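Student: The primary structure of each chain is shown beneath.
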Amino acid sequence: MDIVNEILEKEQKKAEKYKPITVEKHLELEIDIGTLLASDTNDLDKKLIKLDKERDAYLQSLSRDNTQLLLNKIWDLPTERIDEAIVVRLPHPTTILPRAKPVPKPKPLTKWQEFAKAKGITNKKKSKLEWDEQLQKWVPLYGFRKAAAEKEKSWLIEVPQNVNPMTDMYEKKANEKSEKVAKNELQRLKNIARARKVKIPRVGLPVTADKASASQLATATSVAKASTASLGKFQNKLPKEKEARGIGVHELIPGKVKKRNLPEVSRKNLKTIQREG
Amino acid sequence: MGVIQRIKKPTTRKGKKVLQSKEPKPIEGPKQCIFLQARNPSERARKVLKDIYNLKKPDAAYLSRKNDFVPFEDATLIEKLCYKKEAALFGISSHSKKRPHNIVLGRTFDYGVLDMIELGADNFKAMSEFHNMKVLAGVKPCLLFNGPAWDLNQDLKRIKSLFVDFFHREKIESIRLQGLEHVLSFTASDDGIIYLRSYRILLKKSGQRTPRVELEEIGPSIDFKLRRTRLAADELFKEACKVPKELKPLTKKNISRDAFGSKLGRVHIGKQDIKRLQTRKMKGLKKTAEEKKEMLLKRKKARKDAKSFQATV
Chain X
1 MDIVNEILEK EQKKAEKYKP ITVEKHLELE IDIGTLLASD TNDLDKKLIK LDKERDAYLQ
61 SLSRDNTQLL LNKIWDLPTE RIDEAIVVRL PHPTTILPRA KPVPKPKPLT KWQEFAKAKG
121 ITNKKKSKLE WDEQLQKWVP LYGFRKAAAE KEKSWLIEVP QNVNPMTDMY EKKANEKSEK
181 VAKNELQRLK NIARARKVKI PRVGLPVTAD KASASQLATA TSVAKASTAS LGKFQNKLPK
241 EKEARGIGVH ELIPGKVKKR NLPEVSRKNL KTIQREG
Chain V
1 MGVIQRIKKP TTRKGKKVLQ SKEPKPIEGP KQCIFLQARN PSERARKVLK DIYNLKKPDA
61 AYLSRKNDFV PFEDATLIEK LCYKKEAALF GISSHSKKRP HNIVLGRTFD YGVLDMIELG
121 ADNFKAMSEF HNMKVLAGVK PCLLFNGPAW DLNQDLKRIK SLFVDFFHRE KIESIRLQGL
181 EHVLSFTASD DGIIYLRSYR ILLKKSGQRT PRVELEEIGP SIDFKLRRTR LAADELFKEA
241 CKVPKELKPL TKKNISRDAF GSKLGRVHIG KQDIKRLQTR KMKGLKKTAE EKKEMLLKRK
301 KARKDAKSFQ ATV
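Taken in sequence, the protein lines are chains X and V.
For the first sequence, UniProt numbering assigns the number 1 to the initial residue and increments by one for each residue that follows.
For the second sequence, UniProt numbering assigns the number 1 to the initial residue and increments by one for each residue that follows.
By construction, these hints were calculated from the structure, which means they are not laboratory data.
Hints may be right or wrong, so weigh each one.
Listed below are the simulated BS3-like cross-link pairs for lysine-lysine, each with C-alpha atoms no more than 30 angstroms apart in a straight line [as the list claims (entries may be wrong)]:
1) V/K171 - V/K16
2) V/K98 - X/K46
3) X/K256 - X/K237
4) V/K8 - V/K80
5) V/K97 - X/K125
6) V/K275 - V/K301
7) X/K19 - V/K205
8) V/K300 - X/K119
Treat the numbers as computed from the prediction; the structure is a model and nothing was measured.
Working from the sequences, and respecting the hints, build out all of it.
Tutor: And the structure:
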C-alpha cells in the first residue's frame, strides 16, 4: 500500500505544480475544428465588460478559457509526423462560407457535339505525326511544320482537265481555305448565339454560282420589288404574278413583317434623345 | 463566362490564359482582399485599416491612394476595383463628423457587393503599441466568438460569417500543432459593441499530453461600434453559398456497417428468366421445325415493336 500512496502523492504534487487544462462552462461551446472556430454562447459578465479597467483582463481570461477548450479538441485528434513536425489532420469545416464566384456551369454543347452525342459518334484518335511518302519524313497533323510541308509538297499543282486552263490553282486553294475559316467562325458564333438563346436573323438569299431555283428567283423578284422607298406599293404587277411564299420568305421582304413597337421606357428615352439631338 | 463563349476570341495565348484564370472554378483558393481609403480618413481610421491589413497580409493589397467616394451610396468603384484586382474582400477607411473613424468591411460575390458593414473604431490600440513578439505572417488564426448575441441576432450571425470569411485565411487539410499561435477573439456585448482582440498563444506544460494555454495580447485591440449594414438578401446569400458537386462527398450506395463493424453490402440482381434456363438436353424436349419457326417469327415481331416504340419516344 505504501507504494500506491507514494505514487498517488507524487501525482498530486505534479498536478499542483501545473495549472489545470480543464474549463468549466455552463453551455458547451460550438466548435468547428476545420476552420479553427469556437463560438461561446454563454452570457458575458456585464459588470466587468462595462468597466474600462477590468475589460481587457476579463476578455483575455475569457479568450484563454475558450482557446483552451478549442485546443483540447485539436490535441485529441490523431497526430502524424511529417519532416520533424507533429501535424494533425483537420476534419472538414462545417461552416459554409460564400464563394467569390458562382459555381461554374457545364459548357454548353455545340450543335455538332449534340448531334454526335445523339448518334453515338465518338472521336477517333488521330496520331499527331504521320509519315509522308512523298516527302519521306514525318509530318504533323497541324501546325507550322504542317504548313511548311504542305508548301513543299505543292510546289506545282496540276490543273485538272475540266477546269479552265488559265485558272490560278494556288489562288483557288487559298480561297477554299479562307472560305473554310469563315464558315468555321460563323458556326462558332452561331453556337454562341444558340447557347445564349439569342434569335439570329436568317441571312439573305443563298449565293449560288450559276443556277438558282425557281423559288429562289421568285423570292428575289419579290424582295427587289419591295425594296423601294414606298415598300413596293406603286410597282406595276405582271398578269398572274404571285408573291413568293415559303418558310422565312416573309422576313426577307421589306415591310412584310410588321415591326413591333418599342417598349414604353425606351420610347421615352428615344424622344429625349431626339430632342437633345 | 468561358473563354470559348466570348464573342471576341483572345488574340494571344497569354491573354487566353489570363481570361481562363479569371473564370470561376469549382475549388477556389483563398479570397484576396483590397484595402483602400475613402474621403479623408483620420489617422486612427488609417491605422486600424493598416493593422487589419497586417493581419491579412499575404492575401491582401493596400491601395494607398485616396478615393473620393462613399461606399454605402455608390459601390461601383469597389466593384470595379475588386474586378481589377481579382479580390473578393475589401476594407475601406473614412472619417466624417457624423461617422468618425469609419471602417467599412465587406465581401463580393461575382464582382457585386454581397455584404458590407460599417464599424466605428471607438477605442484603438495599434499592434505597434504592444511591445512584444508578434506571430508569423500567414499563420491560420483560431477564431473565437464570445457572447450570446452572435447567435441570437440575425444580423450579427451574418456579420460573424463575414468576420470568419475575412480572417480564416483558407481551408487546410492539416496543421502543425506548434503552428497554432494566434487567436482572434470577437466579443459582442449587448449594446452593439464588438471587441476585437488578438493574442499570441503560449503553450505551457500541464503534466499531460495537452498543453496548458496562456495568452499574450499582441494587438490590435479595437472596440468596434456597429453602424450601418448592407447585408445580402437570403436568396443571393444562398446562391453564393452553393457547394459545387465536386466538393460534395460521394456516398457509396448499398454499403452499411453493422454493430460489430463488419461491412455489409446489398447486391441487386435482375429478374431471372426461368424459361431460358439451360436444363438437361434430351431428344424428347427438342423443338420441332414448326416450333422453331414460330419462335423466330415471334422474336422478330418483338424486335420490330421495340424499334417502333423507341422511334415514337
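Student: Work down the list of hints and note, for each, if the structure agrees.
Tutor: Taking the hints in turn, this is what the structure says about them:
1. A distance of roughly 28 angstroms separates the Cα atoms of V/K171 and V/K16; the hinted pair therefore holds under the 30 angstroms criterion.
2. Between V/K98 and X/K46 the alpha-carbon distance is near 28 angstroms, which keeps this suggested pair within the 30 angstroms criterion.
3. For the proposed pair X/K256 and X/K237, the alpha carbon gap of about 17 angstroms is at most 30 angstroms, so the pair holds.
4. At roughly 21 angstroms between alpha-carbon atoms, V/K8 and V/K80 fall within 30 angstroms of each other, so this suggested pair holds.
5. For the hint pairing V/K97 with X/K125, the CA-to-CA distance comes to about 71 angstroms; that exceeds 30 angstroms, so the pair is violated.
6. Restraint check for V/K275 and V/K301: the C-alpha separation of about 19 angstroms stays at or below 30 angstroms, so the hint holds.
7. For the proposed pair X/K19 and V/K205, the alpha carbon gap of about 9 angstroms is at most 30 angstroms, so the pair holds.
8. Under the criterion of a C-alpha separation no larger than 30 angstroms, the hint pairing V/K300 with X/K119 is consistent with the structure, at around 24 angstroms.
Checked against the numbered hints given earlier, this structure breaks only hint 5.
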